[in-house]
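Chains as they are written, first to last, in UniProt numbering: chain A, 1 to 412; chain B, 1 to 412; chain C, 1 to 156; chain D, 1 to 156.
Treat the hints as calculated values from the structure; they're not laboratory data.
Any given hint could be a false lead.
Claimed, not checked - Mimicking PhoX-like on lysine-lysine, the simulated pairs with C-alpha atoms at most 20 Å apart in a straight line are:
hint, chain 1, residue 1, chain 2, residue 2
1, C, LYS80, A, LYS275
2, D, LYS80, D, LYS120
3, B, LYS84, B, LYS275
4, A, LYS327, A, LYS377
5, A, LYS409, D, LYS16
6, A, LYS84, A, LYS220
7, C, LYS102, C, LYS80
8, D, LYS126, B, LYS275
9, D, LYS16, D, LYS52
10, B, LYS220, B, LYS409
11, B, LYS314, B, LYS299
12, C, LYS120, B, LYS23
13, A, LYS327, A, LYS220
14, A, LYS23, D, LYS21
15, C, LYS80, C, LYS99
16, D, LYS80, D, LYS102
17, A, LYS219, A, LYS327
18, B, LYS409, C, LYS16
Here is what each chain is made of, one letter per residue.
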Amino acid sequence: MSFDVAAIRRDFPIFERTVRGGKKLIYLDSGATSQKPETVIEAESNFYRSHNAAVHRGAHQLAEEATDAYEGAREKVANFLGAKSEEIVFTKSATESINLIAYSMSNAPSGSRFALTSQDRIVVTEMEHHANLIPWQQLASRSGAKISWFEVLPNGRLDLDSINAVISEDTKVVAITHQSNVLGTINPLEEIVARAHAVGAVVVLDACQSVPHMPIDVKKLGVDFLVFSGHKAVGPTGVGVLWSNQLEDLPPFLFGGSMIENVTMESATWAPAPKRFEAGVPNMAQAVGLGAALDFLSKIGMDNIFHHEMALTKYFLEKLQEIPTLKIVGPLDLENRGSCISFTVGEIHPHDLGQYLDSQGIAVRTGHHCAWPLTRKLGVPATTRASLYLYNQEAECDLLVSGIVNAQKYFA
Amino acid sequence: MSFDVAAIRRDFPIFERTVRGGKKLIYLDSGATSQKPETVIEAESNFYRSHNAAVHRGAHQLAEEATDAYEGAREKVANFLGAKSEEIVFTKSATESINLIAYSMSNAPSGSRFALTSQDRIVVTEMEHHANLIPWQQLASRSGAKISWFEVLPNGRLDLDSINAVISEDTKVVAITHQSNVLGTINPLEEIVARAHAVGAVVVLDACQSVPHMPIDVKKLGVDFLVFSGHKAVGPTGVGVLWSNQLEDLPPFLFGGSMIENVTMESATWAPAPKRFEAGVPNMAQAVGLGAALDFLSKIGMDNIFHHEMALTKYFLEKLQEIPTLKIVGPLDLENRGSCISFTVGEIHPHDLGQYLDSQGIAVRTGHHCAWPLTRKLGVPATTRASLYLYNQEAECDLLVSGIVNAQKYFA
Amino acid sequence: MELDTLYQEVILDHYKHPLNKGLSGTYDVQVHHINPSCGDEITLNLTVRESKIQSITWDGVGCSISQASVSIVSDLLLDKSLDEAGAITEQFIELMHSKGTKEGDPLVLEDAVAMAGVSKFPARIKCALLGWMAYRDAADRIKQSQDSVDERGGSQ
Amino acid sequence: MELDTLYQEVILDHYKHPLNKGLSGTYDVQVHHINPSCGDEITLNLTVRESKIQSITWDGVGCSISQASVSIVSDLLLDKSLDEAGAITEQFIELMHSKGTKEGDPLVLEDAVAMAGVSKFPARIKCALLGWMAYRDAADRIKQSQDSVDERGGSQ
Ligand SMILES: Cc1ncc(COP(=O)(O)O)c(C=O)c1O
Ligand SMILES: Cc1ncc(COP(=O)(O)O)c(C=O)c1O
């Protein structure tokens with residue numbers, strides 16, 4: 001197979017360092033944030049070193065170059081998603097992207113298809129990250145709309161039996177994650193999108209854990225909005241994406257420079273999308289870095305990355321389950337399942353387990369993973385999560401397993 | 001004098017490049033965005049190369065280092081402003097900072113001192129950047145509050161004679177720029193803050209054009225909120241600051257991970273400030289870069305930078321006014337005046353002038369500078385702006401002057 | 001000098017001696033367009049007789065590129081049918097987005113080919129398009145009102 | 001091994017054999033505290049007699065550090081006056097923020113000095129403080145209710 005993990009790892013400078021007194025870094029926390037290849041770091045640096053100027057605002061050469069670099073990055077994101085450039089908005093993060101949608105809906109004039117009232121309903125799921133839950137709770141409380149949700153079954157899948165009851169006729173928004181950052185569950189969009197559209201609701205897809213890990217074509221997904229964060233896709237921090245093919249109908253969110261058509265002391269009118277949603281001097285270097293990140297991923301191939309992760313996930317699931325008292329929290333089958341692997345180990349608290357693993361150079365995440373309602377539903381105080389990416393390899397699983405076994409001895 | 005411009009310029013890699021076929025870069029557009037010293041570029045790169053992990057979220061060593069770096073940057077910002085760490089919120093830009101305040105006020109429960117009603121008034125000035133105007137127009141339209149403003153006199157100063165009428169008893173917010181990004185005017189805060197506080201209003205200071213250019217101590221200013229952008233202060237793009245010593249009373253703006261205290265499917269409660277205002281994985285590398293930027297500026301000394309710019313401004317104002325038909329738009333005296341220098345030149349349209357200067361390697365900005373109501377008030381369609389910073393020097397003024405003279409010939 | 005590819009003689013001529021500047025007292029449609037990135041504004045009057053453009057007059061403030069561009073529009077499209085004028089407009093827009101790779105057909109675009117160099121200066125494309133966008137908007141409005149006349153006619 | 005500076009014997013002992021775990025049926029004040037970054041929760045009952053702490057009982061789930069810490073609190077503060085307990089609490093908080101530069105006074109903090117190593121693991125300081133913060137909150141509430149009794153007394 002052409003997937004050369006060793007070569008890929010050499011592109012990531014962080015793997016040259018060691019942790020905790022000379023230990024090799026075993027990074028199993030890409031679900032929180034991914035590491036960055038040198039080309040991404042250089043793309044950002046190079047923007048500052050050679051092309052830095054405010055985009056869209058100057059007639060001078062640097063401003064032209066900066067604008068080309070920034071708009072070029074928008075085109076890369078669009079191509080990566082199978083979308084058009086004007087459907088791409090740069091935000092600071094997926095969190096901002098979702099808040100943007102929810103606030104812009106609040107800004108929609110009554111009568112607009114995006115304006116919610118107390119007659120309307122917003123549907124989420126029990127496995128949402130706080131970022132795709134609280135903005136909707138707040139929109140509900142601003143608008144008077146009701147909030148409902150799909151429950152999560154013990155096997156880590158959504159309970160879709162009740163789909164026609166949950167997505168009721170009064171539903172205006174269905175906000176759902178593509179892949180759970182705790183369970184690894186990949187949700188069946190086709191059925192949900194069909195039902196949502198049948199009742200005239202828009203679907204907002206939290207693709208934070210899918211865009212970095214699998215080929216995505218927004219046209220095929222059929223959703224109305226999609227968001228992801230650059231930093232989880234080997235890109236810089238401080239940049240996120242909002243995609244929609246319905247931006248023209250949505251009022252703006254942040255107000256300021258470059259998003260206007262006309263301004264007087266008392267009122268203002270707006271530029272067309274996507275500019276309407278990008279007030280102020282944007283996160284130019286970070287957008288450019290994200291463009292380089294998507295180039296990096298595309299060169300390796302999203303299909304290849306997906307298959308690599310699937311093979312790894314299979315290996316991790318099998319090996320981890322050989323540990324007595326270790327319980328996987330999430331689907332055990334590989335069908336519609338990504339590489340976020342959460343588990344509990346007997347009576348050891350995840351914080352203690354994570355700390356022990358850290359002392360061995362193994363970076364995992366512990367806690368509720370910003371999906372507290374899900375953790376509660378699962379009936380555990382917290383879980384330990386190993387989340388994988390293109391640079392992980394089987395040997396790291398073996399170290400994780402022996403780390404867990406040794407932790408059991410340590411805390412016995 | 002110890003201020004060594006040549007040495008400072010060597011710290012900025014962009015000055016090694018040329019523009020428009022080998023011409024030396026004369027960068028007079030720092031009011032739009034500043035150039036970046038190598039230490040800032042390296043600080044961001046170094047974060048990615050060696051310490052990258054999600055802050056506040058992991059028990060592993062990288063997460064600890066990332067948290068230290070990020071919180072260390074917060075401390076640097078606090079020290080730079082004479083503030084406390086917990087008074088500093090990282091945003092993506094000044095634009096976001098101002099929108100944060102305006103939206104958070106909308107989120108305040110009725111009865112809160114931050115909740116506006118149709119009985120209340122918001123005061124701005126005619127010289128505001130769109131970023132410190134439109135968010136308040138929108139808050140006014142959401143809350144029913146009225147909007148009033150200080151007028152700008154022909155000499156480029158605020159008309160403060162009417163201060164007691166403009167800041168009336170019903171005023172809740174006074175949003176004002178510290179230094180105009182068009183006129184260079186530095187506004188007299190003492191009088192405005194005193195009147196605002198006398199009627200119980202909070203003062204929001206747009207310090208985008210002051211924090212990078214002069215020593216600032218928030219305690220001495222006496223304002224309630226202050227915002228600025230990193231990218232105008234030799235820092236990275238994608239990071240801004242909100243300072244306030246009253247964050248505890250303000251509800252959150254963006255909702256998501258890491259800003260919560262408790263979350264259920266139906267509602268959530270909030271962490272204390274500043275975390276309450278930083279939802280999601282933050283712009284870590286950019287915050288760290290901003291910390292390095294403020295270190296860089298502090299090492300040179302904000303007093304020294306201010307004096308350097310003042311001397312330069314004096315030189316520019318004098319030399320420019322030797323050009324017949326050139327009219328400075330803004331104060332001609334140096335008292336309370338910064339280094340944003342806007343002007344018109346006879347009948348030449350600023351766009352054409354800017355284009356000609358660009359062909360000579362000189363980067364200025366032309367247009368309304370995101371202060372369209374001000375441009376209209378001044379009775380000009382647009383202006384040309386030279387905005388200076390620590391790396392500019394007198395020789396660049398001479399080139400600007402001869403560029404303008406040659407442009408006059410070109411378009412004659 | 002690269003600047004001269006932007007500021008062709010023809011452009012500076014139109015700028016210094018603009019054609020059809022000054023608004024006619026009568027018109028079929030009047031539109032007001034604005035360039036939000038720099039504040040340039042123009043008002044344009046369009047009069048059509050028997051599906052042919054009878055007059056385009058305009059007024060406004062702006063840079064040499066935008067002023068020359070409106071001047072050219074107001075002259076070039078005269079006596080053309082709305083369909084012909086629409087096709088010319090599309091050719092011009094295409095030229096502007098060519099990033100310097102096209103020269104433009106002088107038989108169709110006449111003086112407007114002098115604008116070809118603008119396509120290499122992305123920040124100025126909007127200036128060059130200001131007059132054309134105003135014309136297109138005005139023509140669309142005339143077509144809409146005709147359509148609604150036709151429809152009303154048809155439904156009787 | 002650095003890990004052992006965090007997980008001292010004393011801590012693991014308290015974790016495995018927690019003191020005063022299980023909520024008393026009666027109490028003066030009950031508080032519920034939560035660590036939002038990891039989801040750990042404890043409930044703590046405080047009973048005070050004649051300005052001395054008569055009992056601290058608790059229940060909850062959490063990591064070894066947080067569990068050991070509550071166990072230590074519930075034992076160490078027993079029979080202390082609220083003022084003494086407050087002073088000990090402040091010393092402990094100071095120790096936690098010392099980044100490994102302090103050892104803690106064993107005469108005052110007793111078993112709690114075993115927590116000194118936690119101060120080198122910033123992500124765990126909140127775990128070590130969970131029990132102390134719950135105690136401080138409970139004590140504050142008792143003091144407030146006393147103050148309001150005193151005030152009412154004084155105003156008569
Ligand atoms: C006075 C002033 N306020 C606000 C802003 C907005 O800053 P940013 O675009 O970085 O958010 C700017 C700069 O564009 C400015 O000069
Ligand atoms: C599923 C999911 N949604 C949303 C987010 C929020 O992303 P960010 O913190 O980058 O805004 C995350 C990551 O934390 C996530 O995993």
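We went through each hint and held it up to the structure:
1. Taking the CA atoms of LYS80 (chain C) and LYS275 (chain A), the gap is about 35 Å. The hint is violated against a cut of 20 Å.
2. Our distance criterion of 20 Å between C-alpha atoms is broken by LYS80 (chain D) and LYS120 (chain D), whose separation comes to about 29 Å.
3. Pair hint LYS84 (chain B) plus LYS275 (chain B) holds up; C-alpha atoms about 14 Å apart against a cutoff of 20 Å.
4. A threshold of 20 Å between alpha carbons decides the hint, and for LYS327 (chain A) with LYS377 (chain A) the separation of about 16 Å falls inside it, so the pair holds.
5. For the hint pairing LYS409 (chain A) with LYS16 (chain D), the CA-to-CA distance comes to about 14 Å; that is within 20 Å, so the pair holds.
6. A C-alpha spacing of about 14 Å is found between LYS84 (chain A) and LYS220 (chain A), which places the hinted pair at or below 20 Å, so the restraint holds.
7. With a C-alpha separation of about 24 Å, the suggested pairing of LYS102 (chain C) with LYS80 (chain C) is violated against the 20 Å cut-off.
8. As the CA atoms of LYS126 (chain D) and LYS275 (chain B) are separated by approximately 15 Å, the hinted pair is consistent with the 20 Å bound.
9. Using a Cα cut-off of 20 Å, the hinted pair LYS16 (chain D) and LYS52 (chain D) is violated, with the two alpha carbons roughly 28 Å apart.
10. Between LYS220 (chain B) and LYS409 (chain B), the direct Cα distance comes to roughly 49 Å. Violation of the 20 Å bound is thereby established for this hinted pair.
11. For the hint pairing LYS314 (chain B) with LYS299 (chain B), the CA-to-CA distance comes to about 25 Å; that exceeds 20 Å, so the pair is violated.
12. Restraint check for LYS120 (chain C) and LYS23 (chain B): satisfied, since their Cα atoms lie roughly 19 Å apart, inside the 20 Å limit.
13. Using a Cα cut-off of 20 Å, the hinted pair LYS327 (chain A) and LYS220 (chain A) is violated, with the two alpha carbons roughly 35 Å apart.
14. Taken as a hint, the LYS23 (chain A) and LYS21 (chain D) pair is broken in the structure, with Cα atoms around 38 Å apart against an allowance of 20 Å.
15. For the hint linking LYS80 (chain C) to LYS99 (chain C), the alpha-carbon distance of about 28 Å lies beyond 20 Å, and the restraint is violated.
16. Straight-line distance between C-alpha atoms of LYS80 (chain D) and LYS102 (chain D) comes to about 24 Å, which puts the hinted pair past the 20 Å bound.
17. Simply put, LYS219 (chain A) and LYS327 (chain A) have alpha-carbon atoms about 37 Å apart, too far for the 20 Å limit, and the pair is violated.
18. About 14 Å separates the Cα atoms of LYS409 (chain B) and LYS16 (chain C), which keeps this hinted pair within 20 Å; it holds.
Violation of the numbered hints given earlier is confined to hints 1, 2, 7, 9, 10, 11, 13, 14, 15, 16 and 17; the remaining hints are satisfied by the structure.
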